[in-house]
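Each chain, written out:
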Amino acid sequence: MQTAIFTTLLVASLLFFAWSVYRRLSLVLLGLPEERFDQPGRRLSEMFLYAFGQLRVIKKPFGLNHFVIFWSFVILAIANGEFLVNGVFPSLSLALLPEGLHRALLVAFDVVSLLTLFAIALSFVRRIVVRPPQLDSLYVKGRSPEAFAILSFIALLMLAYFGMHGAIIAQGREAAASAMPVSTVVAAWLTHAGVDLTLVESVSWWVHALVLIAFICFLPLSKHMHILTAIPNCYFGALNWPATQPRETFEKGAVYGVGSVERFTWKDLFDSFSCTECGRCQSVCPASITGKPLNPRQVVHAIKTNLLENGPALKDGRKGTLPLIGDEGEGTNTEDAIWSCTTCGACMEACPVLIEQMPKIVKMRRHLVETESKFPEELLNLFENMEQRSNPWGIAPGERAKWVSTLPVKPFVAGETEYLLYVGCAGSFDSRAKQVTVALATVLNAAGVSWGILGKDEKCCGDSLRRLGNEYLFDKMAKENVEIFRERGVAKVITLCPHCLTTLKNDYRQYGLELEVVHQSELIADLIKKGRIKLDGSEKSLGKIAYHDPCYLGRHNDIFEAPRTVVQAVTGSAPQEAERHGRNSFCCGAGGGRMWMEEFIGDRVNHTRVDELLAEKPDTVCVACPYCMTMMEDGLKDRGAGEVKVRDVVEVLAEGLLHKKG
Amino acid sequence: MLVVVCVKQVPDTTQVQIDPVTNTLIREGVPFIVNPYDTHAVEQALRFKDRYGCRVVAISMGPPNAEATLRKALAQGADRAVLLSDRVFGGADTLATSKVLAAAIERLAQEDEVGVVICGKQTIDGDTAQVGPGIATRLDFAQLTLVDRVDELDLSARRIKVSRKLEGRHEHVEAPLPVLLTVVRELNRPRYPTVAMRLESADAQVEVWDNSVLGLDVNTIGLKGSPTWVSRIFSPERAKGEMLGDGAHDPEGAAQLLIDKMIEKDLLAL
Amino acid sequence: MTDAVKPPKKPRGKAQLLENKCIACGARCQSACPVDAIQMNDAGEPIIDPSRCIGCVKCVKVCPVQAIEMAFTPEELRILQELAAASGGEVVEEDPEEAALKKKLAAYRGVWVFIEQTEGEAAKVSWELLGKGKELAQARKAPLCAVVMGDNVEKLCAEAFGYGAETVYLMDAPVLRHYRTEAYQKSLCALVEKYKPEVILMGATGLGRDLAGVVATILATGLTADCTGLSVDEKGNLMQTRPAFGGNIMATIVCDKFRPQMSTVRPHVMPMPEFDPQAKGEIVREPVPIAENDVQVKVLDILMDGGGSKVDIAGAEFIISGGRGMMAKENFSMLEELAEVLGGVVGASRSAVDAGWMPPDRQVGQTGKTVRPKVYIACGISGAIQHLVGMQDSDVVIAINRDPEAPIFEVASYGIVGDLFKVIPALTQKLRTLKAARSGAK
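Chains as they are written, first to last, in the working numbering: chain A, 1199 to 1860; chain B, 977 to 1246; chain C, 532 to 973.
Take the hints with a grain of salt, since some may be wrong.
Said to hold, decoys possible - DEER-style ranges, computed between Cβ atoms: (1) A:1534 to C:655: 32 to 40 Å; (2) B:1025 to A:1430: 21 to 29 Å; (3) B:1213 to C:809: 33 to 41 Å; (4) A:1334 to B:1130: 51 to 59 Å; (5) C:861 to A:1686: 37 to 45 Å.
To be verified - Taking beta-carbon pairs under 8 Å as the criterion, some of the chain B residues facing chain C (in silico): (6) 1102; (7) 1178; (8) 1180.
Just so you know, these hints were derived from the structure itself, not from any lab. Virtual Cβ for every residue (Gly too), placed ideally from N, Cα, C.
Please put together the full structure from these sequences, using the hints given.
Here it is as structure tokens:
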């Protein structure tokens, strides 16, 4: 009778499970195609590292708890599998395994179940007592019934497991009792308590069975879908950090960007089902932190909600009714949110299951700019200036090489000059950044590097345009630049600005241009290492130096050490680190085209960052990006700390060379 | 009803310089852009289109490559573009230019009534602000220059009310249709073309009319029809910045020097 | 005429382009060539086909920069020399076309200045033009006349005499009360047709440019806009110098075959003439050739700027902007005071707006407004590029900043390094005193 009822329930729940999973995952197929099946070897290893190794999860202290639960889940999957099989076919059980293996498994099940109970208890405490703010967002609450239901399910499963096995042991029916230390303790309690052991056994069995079945049914409907999707999501994750965005094809009748949910790729949609709502992205997002309406987790949640809502209609070939971009509401992203992104990439760095939030935002920007022509007023100026004069300020291109006036600078000639110094717009026009350019030129000359410039023929790389979603214009400028580089036979490039670096290095690759691009900080660090620049490590005029990692140098291009090496070589000591630094550094607020926009909502990102740097009481803030330079200088002055100097890393070096004894 | 908007392709004047040695214009590499004032004219025409359903025709007189300027107007939403291009139109001053443009508008008027003609206040290369009035005069249209706000276009009463921006004052005026407006930048914010519109306009037909279409007397157009001509060009003297006095120790003295300068340069409107 | 001696035919030569002189003016030479011997290349420079050239010199004459000259073979040069020797000097040929033109132009005489007025108040530029006009009239040995139009504006005639006019043509009627293109244009054209002046000057103001463009079109004569320099050559041609290409080059323009020669002239460029209260002259009253019913355009309302609460920095002529160096919101009252005495408005840099010292609609710069005032006074603004791009087209930039290295000084016409909290009050005080003295003098 028990077997019959159980079998019926199990089959029904499995069917329901399969149907629910199909219903959700089939929606993923509504997305556009995207190649994520290449390089299976690399993908497998990423999957092992991030999914099974929980590499990102355990970066946060509480992640250990999840690590325990995850691995318990994996191990107990065997126990639960046995339970289900045994429930249908009572003759089959793990006892059929060789004795040693069976006993080892039992020990593992027992210990792991206990650990899980502890972990679940901690989770309860965390949600009820600690209440980490990142667990809450507008539409998802950390203390939702769903979250507690899942935790309770797991706890019940463990309790039922011990109840069942304790009762069996107490009745003396367990041959391998000695391999079940925890259950043996439970058995002793039960015996001591003098309860009806058969009743405990059967109640525990049914609780275990029903909770398991309920879990199966509930799982695909909840955020715990991630149990199914997170592992493949790690497999399908972006192999190269997406410091770039996919190209678009411009032809009549084409659609640009993402204005409705089915315009995302299948992987974008799959991401939305992989989100566990852990809130780590929101807790590192500069927009979220400073009170902007953007929350990367909500962007992902909105995609999921929107897909679920519009999915049925879309499957029938109709249009969805819930807008993806529009007024505030669940399943919809506001324009303000979309424009708040600095594309700093902190969200992607934080996500334990390798969800790519930022590129989705850029895709929606593309829709707004290219299809709707809707963007913050200030950007019109930028777009026109870029198109007409190939720089963000609309300064006459003829003035690009004006900084040269004080120095002997050669034009780049393939074969004669080794490197092209791609000065970039800031380095060419912004009076502060021009000082950095001059410092770099001086340092390069001192080290005997062979370099030249394009002068008036240099054009803007188009970084801001691409991050702002004006892909059409970016495409035009990228093609022009690639043409110039090819024509001039450029192979090796030094950039002053991390934004130029990432664009030339990562974005132009899509145009078939493979350049050896180095950021100035990398090059000078290398020159120091090779002894071509000699320093005595005695420079003290800059005082205590705190280093601020530019997002597009660090996170997006993995250059963390070079600038620190330079500071170390010049001053003899490593730079001061802000609380958030390196891979977890905090944006200055200017990336993603935010440099050209007003910041009307919330606190200013640069103020938040400056406060954090000021906590280290530096005399100098060292940066390696002209945007960071502007944001830090402005922020420091706004905070009444104008006496704190801001220096580019190459200026620090130039200072060191100047004062070097002998 | 047609709204005709006149646009001009101009060199990006910030990039035009005179070679100090040869004393000639350095034209190499100077890109052409749409006269910025004209983009506001196009925007106003499109607003009339959006609101009243008028058809917008963009016209331009210039060399064959001025087509690009008209494409931009098409990308923004103009319905039709006509380029007036002919050797005999070349070398025209404002008088001869307005002759050709007016003739083209008259020709368009044979197809459908032209209710409003809109021009930018002036072009950034010539800065004359004379072509608009010239066209209005030749067409015998009412003329409202320096419009910074359109209050009302009443198609049934055939009247338009606008605000004009003059020195130190604004004038609200009402005029009958047909009317010619010249517009200032403050009037509106030009729309940014969508990619679809850009691609659409790239293949769109830009009609080219030469003088065989307009049939004008060649002595009244182009160089021959231009009473004025340039006899000489030269670089302006660029006043270099001047530091006045010692403001740190003698602020009063520095202030006085500044006032003297302002009086000398007639900058004070006291 | 000596038919007996048959001198060798005078060689005419072939036109040729001089290197590096062509300015690609727009194919004047091509257009002038009667035999299609000139084609233009992509750069806009002429390619002259010598086999077609008939040596008519038309292209040489029409070239604005003397980039074309006549080339002669050595043989031709020899003949020319012989001819010159034979005639004992220069061969002067009076072109019949030129003679007819001379006669046509001679019918026009006198220098006119249009006196622009609103509500009976003359625009200052009109008096500046009388000063310049006097100079031109003297050079032409012709009278200097003023044209006064309006309703009840006879009092302006005396002023015009005071500033140097010898004759004033007065049209005084209610229909001319407000400037309306149609009414003014008909009136002025009637005057010009009757009295035929050789030069008409107007201020390059909104009104002046509105009117001049129409009048020149009706009279089918040349008009040069926004001149900054005027002189006459020996033939009586007005050499009109003006900035072009956004002020990047200066061009001198002539109108040698049509009269009157019309110019609008930029205000504040010509010096103000001395006022002679004793000066007298002749007032010529002319009837207004248009009735109110004939004028279709109605002026509904005139709003003087600065009266309303809305401050439009984009259109202001004087802007006094404050930046981070202002230190606090209260300190902007200092700038308001200076703005008031100068008749300007207060703007702000992004940091001042961010700090909440000024509202966002006052922000000048990349993400704020682009302004082009006559005078821009930057106070405590360092001049980051984001700010510079919003104000660098101002006619005059005055910078007051503590830091002598501030980039704002790179674009400033005048700079004061110093404490703005001392300099600005001093400036305001001195200007007030000056203003009081001036209004007392009037």
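Against the structure, the hints come out as follows:
1. A hinted range of 32 to 40 Å is violated for the C-beta pair residue 1534 (chain A) and residue 655 (chain C), which are about 49 Å apart.
2. Checked against the hint of 21 to 29 Å, the C-beta distance between residue 1025 (chain B) and residue 1430 (chain A) comes to roughly 51 Å, which is inconsistent with it.
3. At about 38 Å, the beta-carbon gap between residue 1213 (chain B) and residue 809 (chain C) stays in the expected band of 33 to 41 Å.
4. Range check, residue 1334 (chain A) to residue 1130 (chain B): Cβ separation about 55 Å, and the 51 to 59 Å hint holds.
5. About 56 Å separates the C-beta atoms of residue 861 (chain C) and residue 1686 (chain A), a value inconsistent with the hinted range of 37 to 45 Å.
6. Given hint, residue 1102 (chain B) at the interface with chain C, holds; its Cβ is 6 Å from that chain's nearest Cβ, closer than 8 Å.
7. A least Cβ separation of about 22 Å between residue 1178 (chain B) and chain C goes past the 8 Å threshold, and the interface hint is therefore violated.
8. The beta carbon of residue 1180 (chain B) is not positioned within 8 Å of any beta carbon in chain C (closest approach about 25 Å), and the interface hint is therefore violated.
Of the hints listed earlier, those the structure fails to meet are numbers 1, 2, 5, 7 and 8, in rising order.
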